[in-house]
Amino acid sequence: MILHILNRAPGTSLVYREALAGMGPEDRLLLIEDGVNGALPSQVRHFEPVSNRLFALREDLASRGLVGRCDETVQVVDIDGFVELTEEADKTVSWF
Amino acid sequence: MRYALLVQGAPYSQQASHSALRFARAVVTRGHTLDSVFFYHDGVYNAARLAAPPQDEPHLPDAWSELHEQYATALLVCIASALRRGLLDEREAARHGKMGHSLKSPFELTGLGQLIDLGQRCDRLVTFSP
Amino acid sequence: MDRHAAPRGDLLVILRHPPHGTSWLRDGLDAALVAAAFGQTVSLLFQGDGLLALLDGQGRGALGQKGTAATLEMLSLYDIDALFADTEALARLELRADELMLPVVPVDTTRIAAMLASHRQVLVF
Numbered sequence: 001m002i003l004h005i006l007n008r009a010p011g012t013s014l015v016y017r018e019a020l021a022g023m024g025p026e027d028r029l030l031l032i033e034d035g036v037n038g039a040l041p042s043q044v045r046h047f048e049p050v051s052n053r054l055f056a057l058r059e060d061l062a063s064r065g066l067v068g069r070c071d072e073t074v075q076v077v078d079i080d081g082f083v084e085l086t087e088e089a090d091k092t093v094s095w096f
Numbered sequence: 001m002r003y004a005l006l007v008q009g010a011p012y013s014q015q016a017s018h019s020a021l022r023f024a025r026a027v028v029t030r031g032h033t034l035d036s037v038f039f040y041h042d043g044v045y046n047a048a049r050l051a052a053p054p055q056d057e058p059h060l061p062d063a064w065s066e067l068h069e070q071y072a073t074a075l076l077v078c079i080a081s082a083l084r085r086g087l088l089d090e091r092e093a094a095r096h097g098k099m100g101h102s103l104k105s106p107f108e109l110t111g112l113g114q115l116i117d118l119g120q121r122c123d124r125l126v127t128f129s130p
Numbered sequence: 001m002d003r004h005a006a007p008r009g010d011l012l013v014i015l016r017h018p019p020h021g022t023s024w025l026r027d028g029l030d031a032a033l034v035a036a037a038f039g040q041t042v043s044l045l046f047q048g049d050g051l052l053a054l055l056d057g058q059g060r061g062a063l064g065q066k067g068t069a070a071t072l073e074m075l076s077l078y079d080i081d082a083l084f085a086d087t088e089a090l091a092r093l094e095l096r097a098d099e100l101m102l103p104v105v106p107v108d109t110t111r112i113a114a115m116l117a118s119h120r121q122v123l124v125f
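Line by line, the protein sequences are chains L, D and X.
Letter 14 of the first sequence, counting from 1, is numbered 14 in the numbering used here, and no numbers are missing.
Letter 119 of the second sequence, counting from 1, is numbered 119 in the numbering used here, and no numbers are missing.
Letter 105 of the third sequence, counting from 1, is numbered 105 in the numbering used here, and no numbers are missing.
Be aware that one or more of the hints could be misleading.
Stated by the list, open to error - Below, in silico cross-link-like pairs of lysine to aspartate or glutamate (DMTMM-like), each with a Cα-Cα straight-line distance of 20 Å or less: (1) Lys66(X) x Asp56(X); (2) Lys91(L) x Asp117(D); (3) Lys91(L) x Asp80(L); (4) Lys98(D) x Glu108(D); (5) Lys91(L) x Asp56(X); (6) Lys104(D) x Asp123(D); (7) Lys104(D) x Asp62(D); (8) Lys104(D) x Glu92(D); (9) Lys91(L) x Asp62(D).
Just so you know, the hints here were simulated from the structure itself, not pulled from any lab data.
Please model the complete structure; the sequences and the hints are all you need to start from.
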């Protein structure tokens with residue numbers, strides 16, 4: 001299982017498509033930095049193929065005022081959870 | 001587990017360096033070894049000796065240095081990326097006939113081979129790009 | 001060899017940026033060359049506008065900035081011959097694999113995940 005890390009929002013960059021194409025059936029996707037904008041209910045449809053494996057970093061949501069606006073299908077993790085996700089994965093791939 | 005980070009974003013222009021520092025601290029807090037941080041591309045500016053951010057902002061070069069002091073994390077700066085961008089240690093400054101130096105220990109100039117070595121040696125290599 | 005098996009290797013370098021505008025392409029190629037010089041098995045995947053790195057007729061910038069075409073020509077000297085191109089990018093840019101400066105194997109987008117899984121390390125540039 002690979003942890004994919006995405007720091008771009010679907011509204012400003014199409015790199016999310018390549019991240020999704022690179023994801024195997026067990027892989028997980030973590031949204032960080034501007035990537036967390038993708039966790040908004042209006043944006044989250046872009047990640048529909050991996051909706052049960054979609055995570056977002058709490059502190060990046062919080063600094064942007066998005067914690068309460070995050071779609072309920074997105075699993076929110078703190079920085080400790082970020083490290084835990086990397087422990088559970090065989091490797092990580094960062095898309096930007 | 002043994003971790004290494006690859007940092008490619010310029011400090012203060014992009015969030016990558018802040019994200020990497022947050023992650024680095026969480027890695028050691030969870031009891032892992034943070035072997036090295038490799039700075040590549042614009043990430044090399046994290047090593048700027050003369051960086052003087054306002055007092056109410058995080059001082060990234062100092063924060064990395066503290067990480068080195070506390071956890072012996074190596075701070076490896078790609079020499080090819082650094083020299084182009086004016087980041088020279090004392091030795092390189094002398095070699096290029098420059099008056100001052102802009103990078104000092106615990107940051108160390110090194111080759112890309114170190115990054116490849118980290119990829120082989122460490123259990124996890126996590127990249128933070130701009 | 002099963003031509004449908006995903007290529008394996010130590011390092012997969014994914015190149016998503018075109019030449020000249022940024023140094024991502026050059027930095028990615030440098031990482032690939034150094035890994036190969038260290039004896040690693042390296043594969044390159046050209047995705048998105050990264051494919052434009054493979055067009056013929058590239059040159060230096062107006063101020064003499066180095067491009068990447070010369071570096072690409074050196075790949076074979078480093079035994080990097082596992083070169084792949086995302087078919088989706090080929091289609092979007094209306095390019096054919098056989099008109100590129102190096103021989104690349106088109107990879108269907110649905111097979112890219114397997115490619116990532118079968119390399120020990122993946123770096124995206």
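Okay, the hints, checked on the actual structure:
no.: 1; hint: Lys66(X) x Asp56(X); in the structure: holds (15 Å)
no.: 2; hint: Lys91(L) x Asp117(D); in the structure: holds (16 Å)
no.: 3; hint: Lys91(L) x Asp80(L); in the structure: holds (17 Å)
no.: 4; hint: Lys98(D) x Glu108(D); in the structure: holds (18 Å)
no.: 5; hint: Lys91(L) x Asp56(X); in the structure: violated (35 Å)
no.: 6; hint: Lys104(D) x Asp123(D); in the structure: violated (28 Å)
no.: 7; hint: Lys104(D) x Asp62(D); in the structure: holds (11 Å)
no.: 8; hint: Lys104(D) x Glu92(D); in the structure: holds (11 Å)
no.: 9; hint: Lys91(L) x Asp62(D); in the structure: violated (29 Å)
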